[in-house]
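A.B. asks: Put chain A on the given structure of chain U with help from the hints.
In the order they appear, the protein sequences are chains U and A.
Residue numbering for the first sequence follows the working numbering, starting at 1 and increasing by one per position.
Residue numbering for the second sequence follows the working numbering, starting at 1001 and increasing by one per position.
Since the hints were made in silico from the structure, they are not lab data.
A portion of the hints provided could be inaccurate.
From the structure, some residues in chain A lie toward chain U, with a derived Cβ separation under 7 Å [claimed, not checked]: (1) Pro1044; (2) Leu1391; (3) Ile1404.
Beta carbons: idealized from backbone N, C-alpha and C, even for Gly.
2 protein chains.
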Amino acid sequence: MSLNKKQTPIKKNGIWIIPLTILLTLSIDMGSNRIVEMMQPLQPDDFLTQSHAVLDFIVDYYKNIENYPVQSQVEPGYLRKCIPDNAPYSSEPIEAILQDISNDIIPGLTHWQSPNFFAYFQANASNPGFIGEMLCTGFNVVGFSWIASPATTELESIVVDWMGKMLKLPSAFIFSENEGGGGVLYGSTCEAAVCTMAAARDIALNKIGWDNISKLVVYASDQTHSTFQKVSKIVGIKPSNFRPLPTSDATGFALSPNVVHMAMKDDVASGLVPTYLCATMGTTGCCAVDPIEGLGLVAKEYGVWLHVDAAYAGSACICPEFRHYLDGVELADSVSFNPHKWLLTNMDCCCLWVKSPSSLQDSLSNNAVFLSNNASETKGVIDYKDWQVALSRRFRALKLWVVIRRFGVAGLRDHVRSGIMMAEHFEGLVGADPRFEVVVPRRFSLVCFRLKPKVEADGNELNRKLLEAINSTGRAFLIHTLIGGMYVLRFAIGGTLTELRHIIATWKLIQEKADLVEAA
Amino acid sequence: MSLNKKQTPIKKNGIWIIPLTILLTLSIDMGSNRIVEMMQPLQPDDFLTQSHAVLDFIVDYYKNIENYPVQSQVEPGYLRKCIPDNAPYSSEPIEAILQDISNDIIPGLTHWQSPNFFAYFQANASNPGFIGEMLCTGFNVVGFSWIASPATTELESIVVDWMGKMLKLPSAFIFSENEGGGGVLYGSTCEAAVCTMAAARDIALNKIGWDNISKLVVYASDQTHSTFQKVSKIVGIKPSNFRPLPTSDATGFALSPNVVHMAMKDDVASGLVPTYLCATMGTTGCCAVDPIEGLGLVAKEYGVWLHVDAAYAGSACICPEFRHYLDGVELADSVSFNPHKWLLTNMDCCCLWVKSPSSLQDSLSNNAVFLSNNASETKGVIDYKDWQVALSRRFRALKLWVVIRRFGVAGLRDHVRSGIMMAEHFEGLVGADPRFEVVVPRRFSLVCFRLKPKVEADGNELNRKLLEAINSTGRAFLIHTLIGGMYVLRFAIGGTLTELRHIIATWKLIQEKADLVEAA
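The following block holds chain U by itself, in its conformation from the complex (with noise of 0.2 Å):
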């Protein structure tokens, strides 16, 4: 396209004179002198035709997802072979984006939505929870504070009251039960861990003195996420402060509040600061439920912040039938579970109720002039930026909102019980074969069990060779822990498109498979 000269852009008075046929569909390249033509990015029917075209392609994933790997078989580096070194100047197609996405990114993709995924615990994806994704990135608004966005912080504290409800939270860590408490949605546990450590080690330091951090201890189980491990170092606690406690086959791995006692006793003595508490209501190894009622009496005793992490089996507690393994959250200062998981919700989704908000902002607000404004000065607004590490944040609460709404807390219900429905069948399978043992009791939608060796001590090689037999197939994806040193083969049940015949197959995988490694 050409331009004559009555159509260039020139500066008259310090002023630029812009034709706005120029600005509107034109830009001059100033590197190389050259006229192009420009991409509106925003433009209805481009948006429409070319967001089609993902649609379809997004849904032939799905329809086709059974026939990949379900872990990528690609080996290291070899995406560089397929990509160029650099960006492309000009505009390419979507089309031959779509392409390369089909030839060289899903090769290499470990599919989370297979439902022959039984790896780690699930990230559910589902319709509603990807049309929320689309209206927040739609939307594309940045509510840090109130006055940025009111509809994303009041939708916010509503969808965690909704949900705080569905958990039967104590009415202290609901917003609408005006007590003080209330919750926020972050990305992930880590953020959770991060904003609830933060705000207790600066608790026990405005007693002690910033000069004093280095006494603070942080307690958890040898069960415990390693995330809290990791923020434990990240907020300032000495490493050698941060106590993963051990537990044993006698307390199904469970953390034992006695446990917790004695170390917290022996460090007083030894001039330390018990600081924080971390109760996981299902563990990522073995699905361990620490009893929370009694390490939170421990906690009190001891003036430490406990933190609940229900990070995956949170989900379950929205079942009347599973809720008992809250109980004594009442005791709790924070709780937090991600939607994210096993609720339907799209990566990402991680709710935190906390007690007291102020300890949290105490820790973590953000004052700048340019944030400042009448409605945060004046009018009690919650401004999310205080609550968290980040200025910047998502409208994750319209997801959310749309999950549950669609839904329902029937759907819901559903979800979780049909997963659980398959694991005590998986739990069956194993148990009705002689050569393996399910090695704890399963909890929720987890079974964790192995091929009985011959011998013992050959027992954690055999397993391991098992399950490098079952994944190099591709038709399923599980991964191992270790049990009080023992290999384990984890099956983590709760995938979106999970039915029970793959459930069924996938056994029937494992039987040959361990034909196969018992022969060998």
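C.D. replies: Positioned in the frame of chain U, the structure of chain A alone reads:
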């Protein structure tokens, strides 16, 4: 729907016998003993129908966006009156949800995508950014380690190389140059600050011991984003050891290397340990540019980690004519900027590059048993979980990759340049009206200006009234900042939909409101 006896699940020898017809389409609500039809969360036809409805909704939103007040005019608490106190028990149709979004949510949004949004800095949405998010959300993989989904890690390392080369970063920050450095994608600058500051802290503490953490000092300017002060407390730096060093009109509010040098010298003399220095390329308040090279030399002298925060203005450096603002970056240990601000990438996306990834890993590694795998142990792959705060992570690289390919380097430069050209135009308009003054020289696409008061003491109140008069019309949204105590209006240009006509109309609005507040 009713079930006959044969279709009821039964437990037999410890194994659930569940008719597939039940498990596929039904589930039992144990709470109410009711049989409910279960929504299929990823059923292709539903997925397309509902997603199309939402796409149409979003396109309508963009079409109508100029009709909404830019800054929401709702009162605090408005939304509680519209939304039920509890989650619905049963599924609700998508149409009802979209209707509620129109009626209840949109009035409470401040419209960051409005072409008349000139507040804070921009958060650009674009169709490529939106599409990239759809793909990320559709795959919904969690690539915390290479093995968990290899393509997510590999594409990220390639796309941060692309972006690093677009910024002409030194080879020490580019993976493919094999000097040991490289980049990572985060959600926010704040996370870049946490990770680099934790790394710098641990380098210092490895020399002087954790018990001396209270001696560490972090340096920035009084214009540095308040996030850095917040983060220094998060990572356990004693609050009184954060130094917001003074700047002035004389340096255009840039941080003077001499001032830093003196501060470090004093601290060392007091037995403190200079640890981390933040240089900003384009501050939030008035877009000051710190002299990176001069600050880098001081940082080297004191063995301090130098981070360059180019959150907003980094985008401009993809244009050769602006790259010089990053001169000296070869002396930095890390540099970050946010494509989610001005580079047409929907929230969220922040790039961080470091020379020494092992410093990050030493502070942030997460080595749980369930994360161990052959690739991590033997094949030298990148596990991004060890570069960041959280374990879980989204496939943001896909979004940035789609954005870069759809626009090309040329298209992205065009977008930056059109914003700067419009800012020059606005600067000219302000300069041509003798009642106004541009308070600091325009940098990039931010113009800081004010209405000149007849009596200087009235200046702040006059401009506060002017700002309120402008924003309350709903026809534009600006915010203020304080520059050397002076209340100044910030006009931040660069929105995806902003055209010259919006600048001109808003300037007319500002002039009209100036007439009124001057007359009052």
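A.B. asks: Work down the list of hints and note, for each, if the structure agrees.
C.D. replies: Hint by hint, here is what the structure shows:
1. Pro1044: 5 Å, holds
2. Leu1391: 6 Å, holds
3. Ile1404: At 5 Å from the nearest chain U Cβ, Ile1404/A passes the 7 Å test, so the hint holds.
Checked against the numbered hints given earlier, this structure breaks none of them.
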